[in-house]
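Asker: Listed below, chain by chain, are the residues.
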Amino acid sequence: VAFLRNCWYAAAWSHEIGANLLARTILEVPMVLFRTEEGRPAALLDRCPHRLLPLSLGTKRGDTIECGYHGLTFDCSGRCVRAPGQERIPPAAKVTAYPVAEHLGMLWVWPGDPALADTAKLFDKLPQWALSQGPEPDWGLNCGPYTRVKANYQLLTENLVDPAHVTYVHKSTLGTAAMADIPVETTQIGDTLLVTRWTLDSKAAPILQRFGKWAGNVDRWQYYWLYPPSIAVVDFGSHTPGMAHTDEARDEGIRIHSCHFLTPETEGSTHYFWLQLRNFAQTDVAVSRDITDQFVVAFNEDKVVLEAIQAAEQQPFVTERVKLALDSGSVRLRRTVARMIAEEQALAAVPAASGRGAGNASTLVN
Amino acid sequence: VAFLRNCWYAAAWSHEIGANLLARTILEVPMVLFRTEEGRPAALLDRCPHRLLPLSLGTKRGDTIECGYHGLTFDCSGRCVRAPGQERIPPAAKVTAYPVAEHLGMLWVWPGDPALADTAKLFDKLPQWALSQGPEPDWGLNCGPYTRVKANYQLLTENLVDPAHVTYVHKSTLGTAAMADIPVETTQIGDTLLVTRWTLDSKAAPILQRFGKWAGNVDRWQYYWLYPPSIAVVDFGSHTPGMAHTDEARDEGIRIHSCHFLTPETEGSTHYFWLQLRNFAQTDVAVSRDITDQFVVAFNEDKVVLEAIQAAEQQPFVTERVKLALDSGSVRLRRTVARMIAEEQALAAVPAASGRGAGNASTLVN
Amino acid sequence: VAFLRNCWYAAAWSHEIGANLLARTILEVPMVLFRTEEGRPAALLDRCPHRLLPLSLGTKRGDTIECGYHGLTFDCSGRCVRAPGQERIPPAAKVTAYPVAEHLGMLWVWPGDPALADTAKLFDKLPQWALSQGPEPDWGLNCGPYTRVKANYQLLTENLVDPAHVTYVHKSTLGTAAMADIPVETTQIGDTLLVTRWTLDSKAAPILQRFGKWAGNVDRWQYYWLYPPSIAVVDFGSHTPGMAHTDEARDEGIRIHSCHFLTPETEGSTHYFWLQLRNFAQTDVAVSRDITDQFVVAFNEDKVVLEAIQAAEQQPFVTERVKLALDSGSVRLRRTVARMIAEEQALAAVPAASGRGAGNASTLVN
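Protein chains in written order, with my numbering: chain D, -8 to 357; chain C, -8 to 357; chain L, -8 to 357.
Hint data in this document are derived by calculation from the structure and do not stem from the laboratory. Hints are supplied without guarantee of correctness; some may be wrong.
No copy labels: a pair is met if it fits in one copy or bridges any two.
[What the hints assert, rightly or not] Pairs of lysine-lysine residues, derived as DSS-like cross-links and limited to a Cα-Cα distance of at most 25 Å, are as follows:
#, residue 1, residue 2
1, LYS141, LYS204
2, LYS112, LYS141
3, LYS162, LYS141
4, LYS51, LYS314
5, LYS116, LYS314
6, LYS162, LYS194
Isolated chain D, as found in the complex (with noise of 0.2 Å):
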């Protein structure tokens, strides 16, 4: 299996790790993620070297981990401090230590090579977070719960590059008929890609109308945003018809940025965390609570299709697949996130000069 690995991946959110060991497979590791004394997050490869009972059955001693077989314990880095029943502990005696940050109320783990991973890496294109902390946010937030999904991560990234699924999956939520035959248009800029519909002169869908309150008909747009490999952003809304298509205009309407984080658990099966920022009605908790038990409602619906198709995909009977007009984000997007796994596993075959492992891994808080 082919997976992105030096990349940051939303692991778990932030609320989850208190004092707690928490185990979670990330791109096919077994991790168990949990802080220090002081809070500093930390992820470990969830096996003692010793007898491979995960250490997430262990105990949290402090800012180490204790074994729950023999009492083994490790740091931070996957060091071992001690070895109950002897004075000499054995070098070979370490777990790996993934790079963790915190960032965007989640915790992110790099899998991949410790030496490149950087905060600077961390996924920067959502100023609107920053805009939402605080007592007078200028966003809305709310955030949907931890999700698990028996589907290949990009079967839940190419359903976010597809406007066209609306109509049909979320016939009860968010979609509307009017939008069903106009044509997407999509976009690539660097590995980014921009997948974008206008519903011009259109009823608004119900989820906004709420908020908007508009007398008639309403210009709609959508601009699904896909960051390679599994950051998605939604941003859509509504305003008056004969709207300018800028930035700015859209500001000026009812407006959602709705965003997907997605890490491959395992080939069939990831993890799903979402939130929404919204530019109105931005402190209050009830119509945070509202909307996201609406996307709970909508992103079920697509969880249903994406795991159907998974299961489809696994069974002896296949057939020939067809290619529509619609699929130009879905391809792009493929061939994208296939381009840079290539590139990221011919540069791994170059003998690099960096350390790995054991020790060499630092705990990174954004």
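Start from chain D and add chains C and L according to the hints.
Answerer: Chains C and L alone, transformed into the frame defined by chain D:
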């Protein structure tokens, strides 16, 4: 896995398919079964050729199915009649349609070469069916519930040419100890097998005594007709001792035709449809319900045994098998089906003039 | 998968087999265990040689089992004594019988060469068992419930030559922090392993303090005897500080022999039978129940750890293992068992004069 493909198979009870889309796998092919607005049945491959979403998760629109992901719409012949977001429908956008017919209260599909599908080949050995319809029927009818058995279909069919199992599997329902050592007679008429056993001057089975109200012993017959690959009619009943061994004489006793329609789902699982036709209490709904209830119990006894055998065959622990005299029906049946499959495959190896696939399949109603 | 086959294995508690047929897989061989009318135990391969139905789904008739499909009937030696529908019993109609014995309140089977089975080879290192029987026993007895552990049996046995795990796995029950760093001593007497640890002048374990009622600290001993391949007797207890390190001195303290009988079911699962013999409150049923309850909790702590290790070993993600000083018992045990299996297999490769299979197996009662 080898199945006989050029053959009508029972796929569903007619009442299972109303306004809904029914997903059912037949000979390892996932199919979606549905009806047109006029009630004509249709069967398509249950995969959208675009992204493989099962069409059964879509929406029925008139005589078509709209895919639940992007709205591709297919008619009963598998032709795509709409591709949202584009005017031109790609030629590859089609799904296989399977010939389908309605017969004996069931929907039948033909998973093989559609050019060979012919309603004249539908099962026609049950004249009692026609006589069970209408307000004053000669034969009473009761139908069992759709049942899925986790065993290869040939484990089920060989059980239906095997009167010897009744004493041991159906202790509480159909069997009596008296018949245990009475040998069976196996004959073959063309591909059809007939296994018979007469148990003379013996106690009646509880299930029949209630209707026969015999003062003393009875002569009991079991005629197991097996129409390869997988339809069985078990003609059984009782009459006063000394009765003639003719069809006419059996009609004068208490007589039931117990009919079994077996359709491979996968190599290790089978769709099981069964019904009984009886020459007594023809219009008594309570008797129909009572007989159904009793056979649900009896056939579940078979299910337990056959699923245990399927599991034992799949386990790594194997052993040499012993053949018994009572296996004559089973041996002939498996030999006959193997020959029919070999003949079909030899024929398929010859290049045929007939077209195949979507658009060629005709929907047939009997 | 390599197991030591020429060996008695505990297969069931005696009380598990009354008038019933018990299906239990031993060393990957499905067996049916039952008793004759006189109460003699028997073990047959759990497969009818006709169609492979497990005999355990059949019916016990006197000293025989009647198959639940066609009534083939087998006696305790595996000989077919009845084949319904025919007079001649086919010579191949037989099932393997396994030597069986009753001993220490359990039924034992010998899965290997029946010619080598000998009750003299039954486990005889527990003289306290005989002294636990009768109305005024020297030793009190309590037996645990039958337990199935989803882990290879060697994960269980190495846990039983490993005093070091007690502090970490049994925090709440048997362990104390004091003993964590006291090294263990491993000796080998023939194939038998003995791992010992003395924790001097230390707090008593809660489970023993209740009976010892010591005013202050105690000397604690742990003698882990492991009789390969898979029987363990853990002699542990406490007495006043300064006690002699002799068997006689230990008898004067509070002493428990905790006995573990481990039988491979498959490569990844184990049947677990355990009992304790104690030199205090010998006839107190409430104490027996209480000790059982406490060890159920404690051994479930092992179960959680060992099943997690089994799962981790089966996952694709592997890592190099580290060896510690505390592994000396485990290393010697695995080496000893590997040698015993290799010797057995070398011996089996030599053509033997002894017969094998059904009819040769003798049923042995101890």
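Asker: Hints first: check each against the structure and report whether it holds.
Answerer: Hint by hint, here is what the structure shows:
In the homo-oligomer, the alpha carbons of LYS141 and LYS204 never lie at most 25 Å apart, since the shortest distance is 38 Å inside one protomer and 57 Å across protomers. Proximity of LYS112 and LYS141 under a CA criterion of 25 Å is satisfied in neither setting, with 28 Å inside one chain copy and 44 Å between copies. Proximity of LYS162 and LYS141 under a CA criterion of 25 Å is satisfied intra-copy only: 22 Å inside one chain copy versus 37 Å between copies. Taking CA atoms no more than 25 Å apart as the test, LYS51 paired with LYS314 passes between copies only; the shortest distance there is 23 Å, against 52 Å inside one copy.
Within a single copy, LYS116 and LYS314 get their C-alpha atoms no closer than 31 Å, and across copies no closer than 47 Å, so neither meets the 25 Å cut-off. For a Cα distance limit of 25 Å, the shortest separation of LYS162 from LYS194 inside one copy, 14 Å, qualifies, whereas the shortest one across copies, 64 Å, does not.
Going through the hint list in order, the structure does not satisfy hints 1, 2 and 5.
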